[in-house]
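Chains as they are written, first to last, in the numbering used here: chain A, 1 to 115; chain V, 1001 to 1113.
FYI, nobody ran anything at the bench for these hints, they're computed from the structure.
All C-beta atoms, glycine included, are put in the ideal place defined by N, C-alpha and C.
Watch out, some of these pointers could steer you wrong.
[What the hints assert, rightly or not] Ranges of calculated distance between the beta carbons of each label pair, as one might list FRET restraints:
1) 1054/V - 60/A: 43 to 49 Å
2) 1027/V - 45/A: 32 to 38 Å
3) 111/A - 1059/V: 27 to 33 Å
4) 1050/V - 31/A: 19 to 25 Å
5) 1040/V - 22/A: 31 to 37 Å
6) 60/A - 1028/V: 18 to 24 Å
7) 1053/V - 39/A: 47 to 53 Å
8) 1055/V - 16/A: 37 to 43 Å
[What the hints assert, rightly or not] Every beta carbon over 12 Å from chain V, so not counted as near; a handful from chain A, in silico:
9) 9
10) 102
11) 105
12) 111
Single-letter residue listing:
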Amino acid sequence: GAVVSQHPSWVICKSGTSVKIECRSLDFQATTMFWYRQFPKQSLMLMATSNEGSKATYEQGVEKDKFLINHASLTLSTLTVTSAHPEDSSFYICSANDRDNSPLHFGNGTRLTVT
Amino acid sequence: GEDVEQSLFLSVREGDSSVINCTYTDSSSTYLYWYKQEPGAGLQLLTYIFSNMDMKQDQRLTVLLNKKDKHLSLRIADTQTGDSAIYFCAESSRYSSASKIIFGSGTRLSIRP
């Protein structure tokens, strides 16, 4: 089945630094990938839709300049949390589907802790 | 707007069946999903059902869909300790892109000996 790989699994960084999270589709091409954020004991919140070769589509309330998304190839999307602050600490998860209207497959998530 | 609701907690005895319930509001839902999330991990797609189906069975998992009542359930037979996790119900509609998959709040399943 379709596999989505996310890296790193966890990262600790200092306030003011930037962190890049990678999301790869391992055995399929994904023109669209999705980035979610999950707070403890809560459901997933869609942050943005990453489109290969074009700008990402952000959900209302998500800062584009804060969460930079780059979808440079059909198998890789990156999320960069710029100038991270403690309130950015969260669990970030990416997903993709291998064809239109097929179920989403998720990466294992990245736990970001900003100190 | 669309909404998906599920109870927050369920506790069952090892070996019993677990039934996790979910209700949704979008009458145009096309796909309904069950995802499993273990601690510190991403979401694992357990199973999904098309809206024109009533039931789907896959080994220990049985999904029942009552489209009239907009009610979805997941039954796990012979529940084991490895089934401890959060289970998310989700739905998407043919009228929206896959990005508009709507998740419930998740049901935390705990297994007692």
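Hint check results:
no. : hint                       : verdict
1   : 1054/V - 60/A: 43 to 49 Å  : 36 Å, violated
2   : 1027/V - 45/A: 32 to 38 Å  : 24 Å, violated
3   : 111/A - 1059/V: 27 to 33 Å : 31 Å, holds
4   : 1050/V - 31/A: 19 to 25 Å  : 23 Å, holds
5   : 1040/V - 22/A: 31 to 37 Å  : 18 Å, violated
6   : 60/A - 1028/V: 18 to 24 Å  : 22 Å, holds
7   : 1053/V - 39/A: 47 to 53 Å  : 33 Å, violated
8   : 1055/V - 16/A: 37 to 43 Å  : 53 Å, violated
9   : 9                          : 8 Å, violated
10  : 102                        : 8 Å, violated
11  : 105                        : 6 Å, violated
12  : 111                        : 7 Å, violated
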